[in-house]
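Participant: If you read the protein sequences in the order shown, they are chains G, L, D and W.
Residues 1 to 337, numbered by full-length UniProt numbering, are exactly what the first sequence covers, in order.
Residues 1 to 337, numbered by full-length UniProt numbering, are exactly what the second sequence covers, in order.
Residues 1 to 337, numbered by full-length UniProt numbering, are exactly what the third sequence covers, in order.
Residues 1 to 337, numbered by full-length UniProt numbering, are exactly what the fourth sequence covers, in order.
Check the hints yourself; a few may be wrong.
Stated by the list, open to error - In the PhoX-like style, the derived pairs of lysine-lysine whose C-alpha atoms are separated by at most 25 Å in a straight line are:
id, chain 1, residue 1, chain 2, residue 2
1, L, 228, G, 228
2, D, 199, D, 212
3, G, 97, W, 244
4, L, 228, G, 80
5, W, 244, W, 317
6, G, 97, W, 223
7, L, 244, D, 2
8, G, 228, L, 244
The hints are simulated quantities; they were obtained by calculation from the structure and are not laboratory data.
The structure displayed is predicted, hence computed values, not measured ones.
There are 4 protein chains.
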Amino acid sequence: MKAWQLENFGLNNLKQIEIDKPKINKNQILVKVNAVSLNYRDTAIVEGIYTPDLLQFPFIPISDASGEVVEIGSNVTKFKKGDRVTSHMFTTWLEGKPKGDEPLNALGATVNGGLSEYMVLNENATVFSPENYTDIQASTLPVAAFVVWFSLVEYGNIKAGDRVLVQGTGGVSIFAIQIASALGAEVITTSSSDEKLEKAKELGASKVINYKAHPDWEKEVQKLTNGKGVEHIVEVVGGSSIAKSIEALAFQGNIYVIGFLENMEAEVNLFSLLAKQARIQGINVGHHRAFEDFNKALDQINIDPVIDTVYSFDQAKEAYEHQMKGAFGKIVIDFNK
Amino acid sequence: MKAWQLENFGLNNLKQIEIDKPKINKNQILVKVNAVSLNYRDTAIVEGIYTPDLLQFPFIPISDASGEVVEIGSNVTKFKKGDRVTSHMFTTWLEGKPKGDEPLNALGATVNGGLSEYMVLNENATVFSPENYTDIQASTLPVAAFVVWFSLVEYGNIKAGDRVLVQGTGGVSIFAIQIASALGAEVITTSSSDEKLEKAKELGASKVINYKAHPDWEKEVQKLTNGKGVEHIVEVVGGSSIAKSIEALAFQGNIYVIGFLENMEAEVNLFSLLAKQARIQGINVGHHRAFEDFNKALDQINIDPVIDTVYSFDQAKEAYEHQMKGAFGKIVIDFNK
Amino acid sequence: MKAWQLENFGLNNLKQIEIDKPKINKNQILVKVNAVSLNYRDTAIVEGIYTPDLLQFPFIPISDASGEVVEIGSNVTKFKKGDRVTSHMFTTWLEGKPKGDEPLNALGATVNGGLSEYMVLNENATVFSPENYTDIQASTLPVAAFVVWFSLVEYGNIKAGDRVLVQGTGGVSIFAIQIASALGAEVITTSSSDEKLEKAKELGASKVINYKAHPDWEKEVQKLTNGKGVEHIVEVVGGSSIAKSIEALAFQGNIYVIGFLENMEAEVNLFSLLAKQARIQGINVGHHRAFEDFNKALDQINIDPVIDTVYSFDQAKEAYEHQMKGAFGKIVIDFNK
Amino acid sequence: MKAWQLENFGLNNLKQIEIDKPKINKNQILVKVNAVSLNYRDTAIVEGIYTPDLLQFPFIPISDASGEVVEIGSNVTKFKKGDRVTSHMFTTWLEGKPKGDEPLNALGATVNGGLSEYMVLNENATVFSPENYTDIQASTLPVAAFVVWFSLVEYGNIKAGDRVLVQGTGGVSIFAIQIASALGAEVITTSSSDEKLEKAKELGASKVINYKAHPDWEKEVQKLTNGKGVEHIVEVVGGSSIAKSIEALAFQGNIYVIGFLENMEAEVNLFSLLAKQARIQGINVGHHRAFEDFNKALDQINIDPVIDTVYSFDQAKEAYEHQMKGAFGKIVIDFNK
């Protein structure tokens, strides 16, 4: 089969090769991959700035993949040939806390990912793709969309009517606007671009703040909420912005620190934190049961993933390059293009 | 002011009178009532089959009322004159558990209700009416709609993608279809009428079961859910139907026993209950904080209350009679008609 | 190895045999059993009144076993040879809900149990025995003690200071007294025997009610709690007693219906249920993660399992007969006796 | 009556005076104060470093007071004359979130506190003193002890068997050792003094770390927990210590930032936070319902408050001075001394 392998750090070490189709064990399934999507994490792995010590070259990168089951192990009861499935990144995190003595194993990092014609998945690390989604759409979910669901639903116990602040319009933030508004929340979005804020409104944001016009955006948030603040903040900036986020919160509000932030060193004024009785919650994707819940929910709520550009399998490097320079929505590789 | 007073049990003892406008204390507001809606509870009070021992004649009946603030007590900070507000039935149940030593005080029963031109409400037992609702619409919420929210959100912690079974198309059940589907749940509705099931679909039900065609409707529920069952049942039948409800549940599912049921004596097979690890939860409306949450949510999610007939203030007895014989949707009294 | 096999229903079909030591797969461990304890469930299985349709003869009965790891599968990382371990009854219920499409597999029923010199356990269906417990003590935990923890902690979210009603002094109830009081609850116990009530006090009960002297024990509970009622009831009676239990509850209290009750048909007055906003929760043991939590907790809190009689391996039938006629505390079989 | 009033910032502006006994309104009680205890907060108020803008001179300081009810308002049903009661600091925070539009009102700051012979309390801001406590003991609870309960129980949902790290042996930390171990947790305490660590063990700590001997105490925590880390940290240091706290946590562990810390500016590495999926929770005492729960719990669990020195009413300034220079345990003023 055809596959892209990362042989060392650096995009020039991503090589297309021909290798044998992988074999599955009794608890695994073999999936014919139809589409994968990229995340910042994937580019960080290639560049050696994400868990470099855990990686063993060569390996097949990219965690987010959708396709069709073509073979099942003898113990597998959940899936059958022909089922449309999507990968779950943390292959051994089923529910609750991961098993105490095991590290989290991750597709496209410590375990081979989806950038190959066929891919091995554990029965317990796979979900059914949402019924009305194409594989291209389903491939956008496992990291960027699911982390929003995991934050708001599993940690945040979000209720319709809650207020959610979304920073910017990156891949996670676009999904945050869509998911939070589909769950009945009132969404406030910040950006430096009025054009992007217009798009944010089309995607479900009720209120928007151009932080160039309002550098004190946290005060603007308080103003837009009649001094009540927001219950949830999907934090993707970090650094000194955390202090502003605390000011924008409602009493007992939640800041979800999600994945890679622009600035991973935050200065937090603990007095503000305790006066607000605020919570800062670190989040790194989520567990399999919640991803199953999310995919089941997508059969009921309407989320139309925003896709910037679709590349072909042979254009994998162009896809990475596009991801690195930024996009409005997801970068996808369509294996049938 | 004009008011209807109940002087003794029986609808013939409901009398329209002229009395002085009531006075408020420091923590209360005076509301000019624009609309009230009726519930089975209101007719049961008139007929003396609901908490008759707690009632002291005469009193003004009906718990659900919407209108405009015309006067505020000196301690009141939450409301100002002109605010559009709706009543909360349990006037002393603010949050969590009611205060241990206090009975629950209820509008239109132990405390004067809304069937008068002006009405006294505690600041802590009043909510802002949803912004986009008329007073007629808002008056339908405090009992029939809110009890569904309280069940599914406060007790059931419902998530988008959950499955909800709604029995029949009475007042509570119609709201259950609308609220559950607006929260992203998959709704299954039962009825003996195909016509009503069609309406249920229009209101948001994904799947329907005519229990005349399928007396074993619990098996039909399992079939429609691929053998998984439903996470939530809004139980309005009771009696031997509870046993069927348990069979229709998913593992660890919830049955919410809501208000007056057709049959208040249930025979429960405890073996089925424990094999399913099921929960039966008694529910009697809810507390003020959750009603505030619900009204806030209604600014974000679209619920268009189904109203069967609107009567004028002078037609109050006709409204009661209509409520007693049954309706599809709510019976409302519009004070400005 | 020596083993007891059940060849058909009836204690006379329990036969001691010699068979080969079982083999383990990659994810399993082999345990040298040192002690097993009996539950009502074990006698019900022998008598064919518990899940008879799921059983396939012959099989080795009894779910609760403690011993020492003597062999581990190649994938096993959690345990090593020499570790002291205890079995977890539901071998495929790891956490949250069991996997949707799998039935619950249970040791000593659909899977071979512990009444043999060696026993195969899944790595994920085994826990470390509490450090300070003998194997005899640890073998009493998996059903009778754990179901109390699962009820009060996982479902009931018990807090120190809560009030717990325990009915009688059977195996589960004795553990309920000990566990609830160790968790800081105030325990009220009922019995028809003053002598047993004295023992209940020694085990941690704060207050006791002889229900022969007080047939209206639910009123006595209200009196002993200043009219507040109890937050939790460990229900082991069922039938018409459920109605009394509801009366004994605090507002929003919980009744845990645990395992086999004296009377599995309950008549529930739903009006009482909803006026109290009470919950009836069916419970059937629990999942592996919670059993791990419980064993970890036993290293910190002092629970000294009450053991009525210890039999030798060859006396297995006498142990069953004792269990069938009732005991104060657990019946254990010590393989080294 | 005799009272101490703060007339301006600075301890020299704390003056003993004679004033009229205060009057109560319908929802209040008058309490004859028997004992008050001091917290760091009280000294910070005197020194003008805690909410100085909200204060209006003169006022009676100190939030934590216990005594006896001598008069009740006409609406008061919960208390009667002669009841032994303790104050709750946030007088308008009853449960859940404080009312949206109200600031938190605090005894001894925006509302007169307990340093006077008689004190006015709202019925809803008072709890019954634990039955077996003297007033001296009960007066130690409202801030330093309760904040630990609120953190571990309300936010942390602590279970027996959880691991708790307590930093140092200040007033809050001593209570944290006692409360966490009484709730069945395994407690690890750090200190620079072996002598204090010995006392910590006597109070319930299972394991101790001298951070002078082990400057990398976070690694020592991991070692003492077999690499699992602790589920809860009662954080009283702040600053760069937060980074170490994150390293000491278990996966999905909780850091409670409680009240005044040594260093209120924290530098948090967000990558560590998200890899651990850790939570940092700001906490500032708690609400009335939880304080009632805590006092009820103290009737069941044994916590013997550690009291450093008891002063007389006339020695109030000496008490403040002692509190300012530090103590092992609480500083109390006994009005009957």
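Participant: All hints, please: hold or fail.
Facilitator: Hints and how they fare:
| no. | hint | verdict |
| --- | --- | --- |
| 1 | 228/L to 228/G | violated (41 Å) |
| 2 | 199/D to 212/D | holds (17 Å) |
| 3 | 97/G to 244/W | holds (21 Å) |
| 4 | 228/L to 80/G | holds (18 Å) |
| 5 | 244/W to 317/W | violated (38 Å) |
| 6 | 97/G to 223/W | holds (20 Å) |
| 7 | 244/L to 2/D | violated (46 Å) |
| 8 | 228/G to 244/L | violated (45 Å) |
Checked against the numbered hints given earlier, the structure breaks hints 1, 5, 7 and 8 and satisfies all the rest.
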